[in-house]
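Residue numbers (my numbering), protein chains in the order written: chain A, 840 to 1054; chain B, 840 to 1054; chain C, 62 to 310; chain D, 9 to 230; chain E, 9 to 230; chain F, 127 to 181.
If you're looking for bench data, these hints aren't it; they were derived computationally from the structure.
Please note: incorrect hints may appear among the correct ones.
Sample of chain D residues facing chain B (criterion: CB under 8 Å; computed from the structure) [what the hints assert, rightly or not]:
1) R19
2) T22
3) R26
4) D86
5) T88
6) E90
7) M92
8) L94
9) T95
Listed next, the stretches of chain E that the computed footprint assigns to chain D, with coverage defined by at least 3 CB atoms under 8 Å from CB atoms of chain D [claimed, not checked]:
10) 46-52
11) 58-66
12) 72-78
13) 178-184
Being a predicted model, the structure only gives us computed values, none of them experimental.
Don't be surprised by glycine CBs; every beta carbon is placed ideally from N, CA and C.
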Amino acid sequence: MSTGSTDPALRIDALSCVRGDRMLFRDLDFDLDAGELLHLKGENGSGKTTLLRALAGLLLPESGEIRWRGADIRRLREEYSRHLLYLGHLNGIKGDLTAVENLRITAVLDGFRLTESRAWEVLGKIGLRGHEDLPSKHLSQGQKRRVALARLLVNRASLWILDEPFTALDVAAVQLLQEVIRRHVDNGGLAVVTTHQAVAMIGEQTRSITLGSRA
Amino acid sequence: MSTGSTDPALRIDALSCVRGDRMLFRDLDFDLDAGELLHLKGENGSGKTTLLRALAGLLLPESGEIRWRGADIRRLREEYSRHLLYLGHLNGIKGDLTAVENLRITAVLDGFRLTESRAWEVLGKIGLRGHEDLPSKHLSQGQKRRVALARLLVNRASLWILDEPFTALDVAAVQLLQEVIRRHVDNGGLAVVTTHQAVAMIGEQTRSITLGSRA
Amino acid sequence: MASRLVNWFKFSSPATFFPLARKIGVVSTVIAVALIAVGLYMSFFVAPTDYKQGEGYRIIFVHVPASWMSMFIYVVMAGWAALGLIFNTRLSMMMAQALAPTGAMFAFLSLWTGSFWGKPMWGAWWVWDARITSELILLFLYLGYMALRSAIDDPRRADRASAILLLVGVVNVPIIYYSVQWWNTLHQGSTIRLNEESTMDDTMLIAMLIMTLGFWAYSIAVAMSRLRTLILERERSANWVRELASRGG
Amino acid sequence: MMEPLFWIVRRDLTIALRRRSDIFTTLVFFVIVVSLFPLGIGPEPDTLRLIAPGIVWVGALLASMLALEQIFSADHRDGTLEQMLLTPQPVALLVTGKVLAHWLVSGVPLVLISPILGLQYDLSFDALLTLIVSLLLGTPALSLIGAIGAGLTLGLRSGGVLLALLVLPLYIPVLIFGAGAVEATVSGLGGRSHLMMLGAILLGSMVLAPLATAAALRVAED
Amino acid sequence: MMEPLFWIVRRDLTIALRRRSDIFTTLVFFVIVVSLFPLGIGPEPDTLRLIAPGIVWVGALLASMLALEQIFSADHRDGTLEQMLLTPQPVALLVTGKVLAHWLVSGVPLVLISPILGLQYDLSFDALLTLIVSLLLGTPALSLIGAIGAGLTLGLRSGGVLLALLVLPLYIPVLIFGAGAVEATVSGLGGRSHLMMLGAILLGSMVLAPLATAAALRVAED
Amino acid sequence: MAEFFHMGGYALYVWGSFGVTALLMIAEPLILRSRARQVRRRLARMARLEQEVTQ
Ligand code: HEM
Ligand SMILES: Nc1ncnc2c1ncn2[C@@H]1O[C@H](COP(=O)(O)OP(=O)(O)OP(=O)(O)O)[C@@H](O)[C@H]1O
Ligand SMILES: Nc1ncnc2c1ncn2[C@@H]1O[C@H](COP(=O)(O)OP(=O)(O)OP(=O)(O)O)[C@@H](O)[C@H]1O
Ligand SMILES: [Mg+2]
Ligand SMILES: [Mg+2]
Chain A
840 MSTGSTDPAL
850 RIDALSCVRG
860 DRMLFRDLDF
870 DLDAGELLHL
880 KGENGSGKTT
890 LLRALAGLLL
900 PESGEIRWRG
910 ADIRRLREEY
920 SRHLLYLGHL
930 NGIKGDLTAV
940 ENLRITAVLD
950 GFRLTESRAW
960 EVLGKIGLRG
970 HEDLPSKHLS
980 QGQKRRVALA
990 RLLVNRASLW
1000 ILDEPFTALD
1010 VAAVQLLQEV
1020 IRRHVDNGGL
1030 AVVTTHQAVA
1040 MIGEQTRSIT
1050 LGSRA
Chain B
840 MSTGSTDPAL
850 RIDALSCVRG
860 DRMLFRDLDF
870 DLDAGELLHL
880 KGENGSGKTT
890 LLRALAGLLL
900 PESGEIRWRG
910 ADIRRLREEY
920 SRHLLYLGHL
930 NGIKGDLTAV
940 ENLRITAVLD
950 GFRLTESRAW
960 EVLGKIGLRG
970 HEDLPSKHLS
980 QGQKRRVALA
990 RLLVNRASLW
1000 ILDEPFTALD
1010 VAAVQLLQEV
1020 IRRHVDNGGL
1030 AVVTTHQAVA
1040 MIGEQTRSIT
1050 LGSRA
Chain C
62 MASRLVNWFK
72 FSSPATFFPL
82 ARKIGVVSTV
92 IAVALIAVGL
102 YMSFFVAPTD
112 YKQGEGYRII
122 FVHVPASWMS
132 MFIYVVMAGW
142 AALGLIFNTR
152 LSMMMAQALA
162 PTGAMFAFLS
172 LWTGSFWGKP
182 MWGAWWVWDA
192 RITSELILLF
202 LYLGYMALRS
212 AIDDPRRADR
222 ASAILLLVGV
232 VNVPIIYYSV
242 QWWNTLHQGS
252 TIRLNEESTM
262 DDTMLIAMLI
272 MTLGFWAYSI
282 AVAMSRLRTL
292 ILERERSANW
302 VRELASRGG
Chain D
9 MMEPLFWIVR
19 RDLTIALRRR
29 SDIFTTLVFF
39 VIVVSLFPLG
49 IGPEPDTLRL
59 IAPGIVWVGA
69 LLASMLALEQ
79 IFSADHRDGT
89 LEQMLLTPQP
99 VALLVTGKVL
109 AHWLVSGVPL
119 VLISPILGLQ
129 YDLSFDALLT
139 LIVSLLLGTP
149 ALSLIGAIGA
159 GLTLGLRSGG
169 VLLALLVLPL
179 YIPVLIFGAG
189 AVEATVSGLG
199 GRSHLMMLGA
209 ILLGSMVLAP
219 LATAAALRVA
229 ED
Chain E
9 MMEPLFWIVR
19 RDLTIALRRR
29 SDIFTTLVFF
39 VIVVSLFPLG
49 IGPEPDTLRL
59 IAPGIVWVGA
69 LLASMLALEQ
79 IFSADHRDGT
89 LEQMLLTPQP
99 VALLVTGKVL
109 AHWLVSGVPL
119 VLISPILGLQ
129 YDLSFDALLT
139 LIVSLLLGTP
149 ALSLIGAIGA
159 GLTLGLRSGG
169 VLLALLVLPL
179 YIPVLIFGAG
189 AVEATVSGLG
199 GRSHLMMLGA
209 ILLGSMVLAP
219 LATAAALRVA
229 ED
Chain F
127 MAEFFHMGGY
137 ALYVWGSFGV
147 TALLMIAEPL
157 ILRSRARQVR
167 RRLARMARLE
177 QEVTQ
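For reference, chain A alone in the conformation it holds in the complex:
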């Protein structure tokens, strides 16, 4: 309840989430500060996705509070969204638009402009050279994921919430993504990440929380 100037960037306070009859987790508390990465662990069905969606404000928790720089995110709404980048199990790209168009429209909605040439550049960097102007529905599973992840290279959000970002990616892409996340955190960003893959998320700033097994 303290709203002093020493607030951590993200504070979770006595958070509980229920799905159906099942209490997924109860009275979860943690803080996350600039430059920290939280690796959320837990077996299948332990509630990781649920927690991440609650953190993003997409899902109303049963009880408890989520505070961003001291203020409840339910109050902040669009103000909170400005600082947030959420990437879930779904890619959030339109199959009928090309990778370039997808990236540019997301940028505009996120509140900044991205020139066409910059979009091409970013997509090339993430390994989609030669596929930039194909309707994305034709892309392979991993390529679609890459289009979604390209946002990470241009976004200005400080809090990244990534749900299984490594699925469907090949080895090269996994490495690239790890690098990108590490750089974000090193530059003072925050990240909450889940993954089952044995991906090294090293760095002294990495913390981890394991959600309990099925209640």
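Please arrange chains B, C, D, E and F with the ligands on chain A, whose structure you already have, making use of the hints.
Only chains B, C, D, E and F with the ligands this time, still in chain A's reference frame:
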């Protein structure tokens, strides 16, 4: 073109697949025999899914032949399906049915009966205890994948075609699945598997093919 | 027998048919221009004025050929589609695709000229007569075919899906035709009828036939030209097209 | 042979009953569409009686078509359809099962409620009876024919409207004979010959439509 | 403020134009539905003229509703909708953009073709004019109201029919004043007052509908 | 001549029919030709690009 008695179980002959303008692979040849596992490798978008769908008979290749025990699979149709189990990027389960119901209906369509108690048992084995009679749309990403994979424990098909079966699974489930595949192959089954994860698919019977990088 | 089969299949390859399509196109263009010119001359200057309908009846010389062609082309398309499904030949699917817009155009023209005839004869632009209604439905069938094709991006998939639609459609066309006939005759109270002119003047009949043959040749010419474009687009990665492109520009 | 058919029907019925709104909504759509016309046209009973058979039939046709749109799309999206194509069962058989389940869920309630709607338009007892019989013969034919369209438009973005464009022209004979039967009864001619035509259409589509639909589904999954 | 709106409109128009059939099919659906009625009812011109305004308006309503079904579902399925809810833009604004694009694609062509359909039913010049104006005012209102229903039914399997159920009752006032305006013109009373009511409904829904839709979308993504 | 165009009072209908027919039947080949040109130009461009890449 030889139809002698020494035919390999699965023979791929001069297979080429085209998507849009792109020739994904050209003149691919390989054989696969009983007791062999083929690990299909290749970066994102190299055509693994396309090849697997062609092998399953879902997709018409541009040219070339796929023969099962000497006969073209286009001719065999339902006869080939009897020997085949394909699991793609999609899980193929109905969100409105429970795990038990999903498993049983798949069994009937595959041509055999599965008692209710046997279904519960199998689902318990694959780690869904306590979730067997929840509509599967409420399950987590990994749990849904497990429902789909439960088929492997009861199926009698000899050829398994698995497209990224390990996605979304946690460590325990990955191990279990590896074990199941190994046992199938040891018992004289065939398997074609893709995966980007650094999963050990060991055994002297494992072969691997790497699809070329983007043409 | 076997060698003749081989021969046919040779022509079913887009590469070999491409130059042939040009020749057929040129010949039928010449025929079409000639026949339509003669037909128009006869329609306006040889055929006598109708004693009942005055000069207005001259619409018949475009109306009837357009109506016939619209029905005929649909059947031909279905034939190509069946061939394509059975022998898995791309060319026959492209044939069907190349004919569709022309068939739709004739169906539209039949409706248009019919309306422009109906207004002076019946006093209304449109009546729900059986033949008119089934022509309208035929136009919908054409549009459905084209819409389905354009909604599917992969041309090979579009080929097969639209072929199925054509076959289903062609089974239904007679059913639709007779049901509409029945619907209309059962409770058609008004006196409006297409006049069945059994006593048509010979010159009228000949003019009409010539126009029909002209439209026929026109359809072939246009279809061949469209087919060539389709072949180029679809086979653009084939070697012979690349060579053609780098030579011709 | 019959067992997979039975299980498919059972599966789809279970799913439909689990979300009861499915049955309910097709019905209510039908009722609303039929009741909209007096609002658009005006309340004169004579006009209404004149147009009643046509309106009820067009309403049934639209309701059946709308409900049909979903018949394969959910299965396509979650991958159960591609699994069905890979089972050792003949696809046309599975299609028949799905269409049958669909008709039980969406067609039958519509037939059952039609006399009430007919009463709203002041139809006689004989006419109501013919209405029921004609719908009983006509709606399964609509489902079967519509399934072809649903298969062809599967996975295409503009699915709903495109489906309508493909299927409505093919529905026309059913509409003509269905509404015609009722009208003939109203005007005292008797609707038997119309009903027999409807029956013939139903038989024909029972044989041909599943094959065409199966072919369409194979194409859609390519 | 206006830039995201502009981009959303542009995005949706691009998608629609990339598959040109989208525009085309709503239109053809409208034409077909309107042409179905004579087949069900019979070809007498006098009866038809009487019911023409009602039929054209019901056809427009159904076409607009059907096309609307797709407005959010694709975005929901591929996750772009949840991303939209997470942008710093007000959701109601984004909704307005999507509805506007939708109306440009599906509503405008419908307005443009309506006079031809009117001609099929033998309407006078004045009546045709009123028909166009009433559709011009009415169809955007239909799109706005329909979007609420589309949002509410998002992600439910039986989306299509359920949507119809929720939205049709709200459509009724639009239908009554729209068809009423044309009828009043036909009968020589003049349709001005009806048209003014339509305008009022349009204004009201422009203000309220995007807010309601935004709220519905938030619920759907929970 | 004027009489010919007058068509015994049916000018609008006769010329409306023949006119639109002629219009469409002339327009269709023209549209086709321009599309054929476009396609050929695109193919030529693709061929040039390819040559540049291989050189
Ligand atoms: C929109 C309106 C109309 C449409 C869609 C239409 C359609 C057709 C069709 C499809 C045919 C060929 C049918 C066959 O050969 O069996 C045809 C033939 C014909 N139509 Fe029309 N028609 C229309 C209006 C009219 C009008 C207003 C007249 C004259 C008053 C007319 C006179 C004829 C004649 C004389 C034939 C040739 C008869 C024959 O070969 O048996 N049509 N029309
Ligand atoms: N209506 C419900 N009734 C009971 N349990 C439910 C209901 N809805 C969801 N659940 C349970 O809630 C959990 C959802 O967890 P969530 O999706 O957050 O898991 P996760 O940790 O992301 O798993 P994964 O690693 O597989 O993605 C599952 O165990 C699921 O069974
Ligand atoms: N219409 C099209 N035009 C051009 N390229 C296409 C088209 N459709 C598909 N492709 C290409 O075909 C490839 C599809 O490959 P596929 O899905 O088989 O890859 P994959 O090896 O399974 O990849 P992943 O590991 O990401 O699952 C992609 O590179 C895609 O860009
Ligand atoms: Mg999860
Ligand atoms: Mg893949």
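Checked hints:
no. : hint    : verdict
1   : R19     : 5 Å, holds
2   : T22     : 7 Å, holds
3   : R26     : 5 Å, holds
4   : D86     : 6 Å, holds
5   : T88     : 5 Å, holds
6   : E90     : 6 Å, holds
7   : M92     : 7 Å, holds
8   : L94     : 5 Å, holds
9   : T95     : 4 Å, holds
10  : 46-52   : holds (count 4)
11  : 58-66   : holds (count 7)
12  : 72-78   : holds (count 4)
13  : 178-184 : holds (count 3)
Violated hints are absent here; each numbered hint is respected by the structure.
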